[in-house]
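2 protein chains.
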Amino acid sequence: MTPTAATLDARDPLAPIRAKFHIPDGLIYLDGNSLGMMPVHVPERVQRAMTLEWGTDLIRSWNTHDWIDLPVRVGAQIARLIGAQDNEVIACDSISVNLFKLLSAALKLRPDRTVIVSDIDNFPTDLYIAQGINAMLSGKYELRFVKRDQLEAAITDDVAVVMLTEVDYRTGERLDMKSLTERAHAVGALTIWDLAHSAGAFPVELNACNADFAVGCGYKYLNGGPGSPAFLMVAERNQSAALPVLSGWMGHAAPFAFDPNYAPDAGVRRLTAGTPAVLGMTALSAALEVFDGVDMHALRVKSLALTDLFMELMHSLETEYGFELVTPTDHAARGSQVSYTHPHGYAVMQALIDAKVIGDFRAPEIVRFGFTPLYTNFADVATAVQRLETVMQSGAYLEPRFAQKSKVT
Amino acid sequence: MTPTAATLDARDPLAPIRAKFHIPDGLIYLDGNSLGMMPVHVPERVQRAMTLEWGTDLIRSWNTHDWIDLPVRVGAQIARLIGAQDNEVIACDSISVNLFKLLSAALKLRPDRTVIVSDIDNFPTDLYIAQGINAMLSGKYELRFVKRDQLEAAITDDVAVVMLTEVDYRTGERLDMKSLTERAHAVGALTIWDLAHSAGAFPVELNACNADFAVGCGYKYLNGGPGSPAFLMVAERNQSAALPVLSGWMGHAAPFAFDPNYAPDAGVRRLTAGTPAVLGMTALSAALEVFDGVDMHALRVKSLALTDLFMELMHSLETEYGFELVTPTDHAARGSQVSYTHPHGYAVMQALIDAKVIGDFRAPEIVRFGFTPLYTNFADVATAVQRLETVMQSGAYLEPRFAQKSKVT
Numbered sequence: 014m015t016p017t018a019a020t021l022d023a024r025d026p027l028a029p030i031r032a033k034f035h036i037p038d039g040l041i042y043l044d045g046n047s048l049g050m051m052p053v054h055v056p057e058r059v060q061r062a063m064t065l066e067w068g069t070d071l072i073r074s075w076n077t078h079d080w081i082d083l084p085v086r087v088g089a090q091i092a093r094l095i096g097a098q099d100n101e102v103i104a105c106d107s108i109s110v111n112l113f114k115l116l117s118a119a120l121k122l123r124p125d126r127t128v129i130v131s132d133i134d135n136f137p138t139d140l141y142i143a144q145g146i147n148a149m150l151s152g153k154y155e156l157r158f159v160k161r162d163q164l165e166a167a168i169t170d171d172v173a174v175v176m177l178t179e180v181d182y183r184t185g186e187r188l189d190m191k192s193l194t195e196r197a198h199a200v201g202a203l204t205i206w207d208l209a210h211s212a213g214a215f216p217v218e219l220n221a222c223n224a225d226f227a228v229g230c231g232y233k234y235l236n237g238g239p240g241s242p243a244f245l246m247v248a249e250r251n252q253s254a255a256l257p258v259l260s261g262w263m264g265h266a267a268p269f270a271f272d273p274n275y276a277p278d279a280g281v282r283r284l285t286a287g288t289p290a291v292l293g294m295t296a297l298s299a300a301l302e303v304f305d306g307v308d309m310h311a312l313r314v315k316s317l318a319l320t321d322l323f324m325e326l327m328h329s330l331e332t333e334y335g336f337e338l339v340t341p342t343d344h345a346a347r348g349s350q351v352s353y354t355h356p357h358g359y360a361v362m363q364a365l366i367d368a369k370v371i372g373d374f375r376a377p378e379i380v381r382f383g384f385t386p387l388y389t390n391f392a393d394v395a396t397a398v399q400r401l402e403t404v405m406q407s408g409a410y411l412e413p414r415f416a417q418k419s420k421v422t
Numbered sequence: 014m015t016p017t018a019a020t021l022d023a024r025d026p027l028a029p030i031r032a033k034f035h036i037p038d039g040l041i042y043l044d045g046n047s048l049g050m051m052p053v054h055v056p057e058r059v060q061r062a063m064t065l066e067w068g069t070d071l072i073r074s075w076n077t078h079d080w081i082d083l084p085v086r087v088g089a090q091i092a093r094l095i096g097a098q099d100n101e102v103i104a105c106d107s108i109s110v111n112l113f114k115l116l117s118a119a120l121k122l123r124p125d126r127t128v129i130v131s132d133i134d135n136f137p138t139d140l141y142i143a144q145g146i147n148a149m150l151s152g153k154y155e156l157r158f159v160k161r162d163q164l165e166a167a168i169t170d171d172v173a174v175v176m177l178t179e180v181d182y183r184t185g186e187r188l189d190m191k192s193l194t195e196r197a198h199a200v201g202a203l204t205i206w207d208l209a210h211s212a213g214a215f216p217v218e219l220n221a222c223n224a225d226f227a228v229g230c231g232y233k234y235l236n237g238g239p240g241s242p243a244f245l246m247v248a249e250r251n252q253s254a255a256l257p258v259l260s261g262w263m264g265h266a267a268p269f270a271f272d273p274n275y276a277p278d279a280g281v282r283r284l285t286a287g288t289p290a291v292l293g294m295t296a297l298s299a300a301l302e303v304f305d306g307v308d309m310h311a312l313r314v315k316s317l318a319l320t321d322l323f324m325e326l327m328h329s330l331e332t333e334y335g336f337e338l339v340t341p342t343d344h345a346a347r348g349s350q351v352s353y354t355h356p357h358g359y360a361v362m363q364a365l366i367d368a369k370v371i372g373d374f375r376a377p378e379i380v381r382f383g384f385t386p387l388y389t390n391f392a393d394v395a396t397a398v399q400r401l402e403t404v405m406q407s408g409a410y411l412e413p414r415f416a417q418k419s420k421v422t
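Here the protein sequences come in this chain order: A and B. Numbering of the first sequence is given in this note's numbering, commencing with residue 14 and proceeding in unit increments. Numbering of the second sequence is given in this note's numbering, commencing with residue 14 and proceeding in unit increments.
Just so you know, the hints here were simulated from the structure itself, not pulled from any lab data. Even glycine gets a Cβ: it sits at the ideal position worked out from N, Cα and C. There's no promise every hint is true.
Derived DSS-like pairs: lysine-lysine, alpha-carbon spacing no greater than 25 Å straight-line [stated by the list, open to error]: (1) B:LYS121 / B:LYS153; (2) A:LYS121 / B:LYS369; (3) B:LYS191 / A:LYS153.
If you want the ones that stay clear, here's a sample from chain B, every Cβ over 10 Å from chain A, calculated [stated by the list, open to error]: (4) THR20; (5) GLN98; (6) SER192; (7) ARG250; (8) PRO257; (9) HIS265; (10) ALA270; (11) GLY306; (12) HIS328; (13) GLY335; (14) GLU378; (15) ALA395; (16) VAL421.
Reference listing, derived: stretches of chain B covered by chain A, where coverage requires no fewer than 3 residues with Cβ under 8 Å from a Cβ of chain A [stated by the list, open to error]: (17) 44-52; (18) 138-145; (19) 283-294.
Please model the complete structure; the sequences and the hints are all you need to start from.
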């Protein structure tokens, strides 16, 4: 017999961490894969960065509060979570900007090759960045964007870079980073992994997979706050060869020498560009402290138990109300979210949000539920399914107000 | 006879605005050209964005608090200050990233031309970005970086883009935006103006000068906080033709359609890339409210009076202690800062900071003093010069501790 949600919560070694987050009364939040919840101590830390560091210490804070090293310090906080060395990760800019930096640098490392491989179902910004770089280079590259089952075959010896997102933002499917990286390396290509739906969701194994480059998001499973700085990773072996073309002054070997000629920093710092976003960095750095002492393998165990329970409880709703599971049931092929298609997906999600269970919707008809092991508990899972059942039984989702689309869906 | 500082303060129509800033006791802050002071209401606004918008309303805030439109809303707040239309400006990313976006787009608009002109004394990041773009394009361009007095001659009919900073970060010299833009247009080139030391310091006249593109800083005279988002401007006439190569999803015509093919937004929004930095945007937006109702011409009058007074009071120190003025005395050729060379520039500035007058130092031997008309008053100017005189008279700056360089100078 399956244990009850209460039993599972009682046994959960990560349960105490939930108290570190601000959880609005009565709200079940299954959207941490879009915007992570707020750790309760973050506002005080940002407040201090404003009133003391900015307001009072002013410009001196670049030294006294070491603002200048924020990208490398926050990067080092992230490194352990993604299986990289401290000196391989920096926090900066957005995923889009960081992908541009890494893809342009990686292509220069394979000058005689003319193909960029990606997954046609990759998050659009990843594809757009490749399209933008190719437009800048007057269409030099073949953009080989293929369905997932054609990826292996697409990685041929004319490929410069294989650029993939580890976990699909719609279906929650997790790709095999190790085998795809091996496949890329076997033909001499480089890899860029987008960890938007991986970092903080489970132990990522960049070094163990021999990954070359990676980017990831600060505001999803890392809980860094809305529009938080992103991060990027460059494997140590690639650092000296990877030349930034988005070559801003903060990546210079000696920014305060104000030399008119660009010369990159020796390490990963060369991939910073402008002045670090101190307030956003402060929030992200504080939020990352929630991971201190967390065993990432225990986190994965809980994540899988949460998504297993959700799938199991949803099973009876699938046939009854027309949901179709699009997330793999195989653990190895799953991130930390579960998605279903439903012909009224948008309205169903709006009605569910009205019933205080927040997930989200992705066009054309996917409802997504994200499970953040640090604060989602098993009771949340059970209650969410109950409320969804009520929404479907009552037909509440058919009310016209739930069909009205917002700017952001 | 010159009026006293007290008289000038008593007559200053902008004097009441100083109370809107947090001014640490006894501190004279002449470094708003590096990091603007904190308006007192900003922390509460950022706190609200954290606890209410992020913490409680969570993902719904993209719609209910209109996070999604922050780049255009904050851009519109800046537009008036720089003489642009509301629909020509967005707040986003850093100056380095925004320069990359605009220079790459502008070069595509002049495909048959092969020269980029800039000022060899431009802020280094501007030059580095041109160098990076040129490296990406395999050295297609001649980077014609010349001394300021050779700019006119350098703008020939093979020039694609003239990229200049309106006010020199070291000397405070203000270039003639109107005549240089005319000169560029006369040969068919486009212009990109960097307003880092202009926006908020005096009324910039982008539209009146017929400027094509511009970037600027949120954390200097706009007081948006450390590492605040920057801004960019694209003249309406160039918007449909300027194609972003740093083509992130937020610049797509329909970001939430999740189309795998990039198609730019119709307007300036196409030059956004990733998710807006909500905390930084909130701080900048709140800070910009200080400009509400401020007559930018009155601001300029006060700025010139402040810098005039400083130069006048410094006059006796120049010969006595070996300072050499490098800022133009001509009003039309001056921004809102005054700089001197001094053979012990670094140590002099450290000793002055120790005496609670904060300016800054730029290699090799420049001491800079920035005057922000919103909060600097005439008494600050007089006291700063008195304290500098004490530092020089006493020889305090010769103490070894003041020669020790920090990471950030």
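Structure-based check of each hint:
Using a Cα cut-off of 25 Å, the hinted pair LYS121 (chain B) and LYS153 (chain B) holds, with the two alpha carbons roughly 12 Å apart. Proposed proximity of LYS121 (chain A) and LYS369 (chain B) is contradicted: the alpha carbons are some 49 Å apart, above 25 Å. Between LYS191 (chain B) and LYS153 (chain A) the CA atoms are separated by roughly 38 Å; this puts the pair beyond 25 Å, and the hint is violated. Against the 10 Å criterion, THR20 (chain B) stays outside the reach of chain A, whose nearest CB is about 28 Å from its own CB.
The claim that GLN98 (chain B) is not at the interface with chain A holds, since no C-beta of that chain comes within 10 Å of its own (minimum 23 Å). Chain A leaves SER192 (chain B) outside its interface by the beta-carbon criterion, the shortest separation being 24 Å against a cut-off of 10 Å. No Cβ of chain A approaches the Cβ of ARG250 (chain B) within 10 Å, the least distance being about 21 Å, so the stated non-interface status holds. A beta-carbon of chain A comes within 10 Å of the beta-carbon of PRO257 (chain B); the shortest separation is about 6 Å.
Some Cβ of chain A comes within 10 Å of the Cβ of HIS265 (chain B); the nearest lies about 7 Å off, and the non-interface call is violated. Consistency note on ALA270 (chain B): stated as away from chain A, yet its beta-carbon is not over 10 Å from all of that chain's, at 6 Å minimum. Consistency note on GLY306 (chain B): stated as away from chain A, and its beta-carbon is indeed over 10 Å from all of that chain's, at 23 Å minimum. With a minimum CB-CB distance of about 27 Å to chain A, HIS328 (chain B) clears the 10 Å threshold, and the non-interface call stands.
The Cβ of GLY335 (chain B) sits about 22 Å from the closest Cβ of chain A, beyond the 10 Å cut-off, so the non-interface label holds. Chain A leaves GLU378 (chain B) outside its interface by the beta-carbon criterion, the shortest separation being 12 Å against a cut-off of 10 Å. Separation of ALA395 (chain B) from chain A is adequate, the least Cβ-Cβ distance of about 21 Å exceeding the 10 Å criterion. VAL421 (chain B), annotated as away from the interface, has a beta carbon of chain A within 10 Å; the closest lies near 4 Å.
Here's how the segment 44-52 of chain B fares: 5 of its residues keep a CB closer than 8 Å to some CB of chain A, so the rule of at least three is met and the hint holds. Counting residues of the segment 138-145 of chain B whose C-beta lies closer than 8 Å to any C-beta of chain A gives 6; at least three are required, and the coverage claim holds. Counting residues of the segment 283-294 of chain B whose CB lies closer than 8 Å to any CB of chain A gives 9, so the stated coverage by that chain holds, three being the minimum.
The structure fails to meet hints 2, 3, 8, 9, 10, 16 from the earlier list, while all remaining hints are met.
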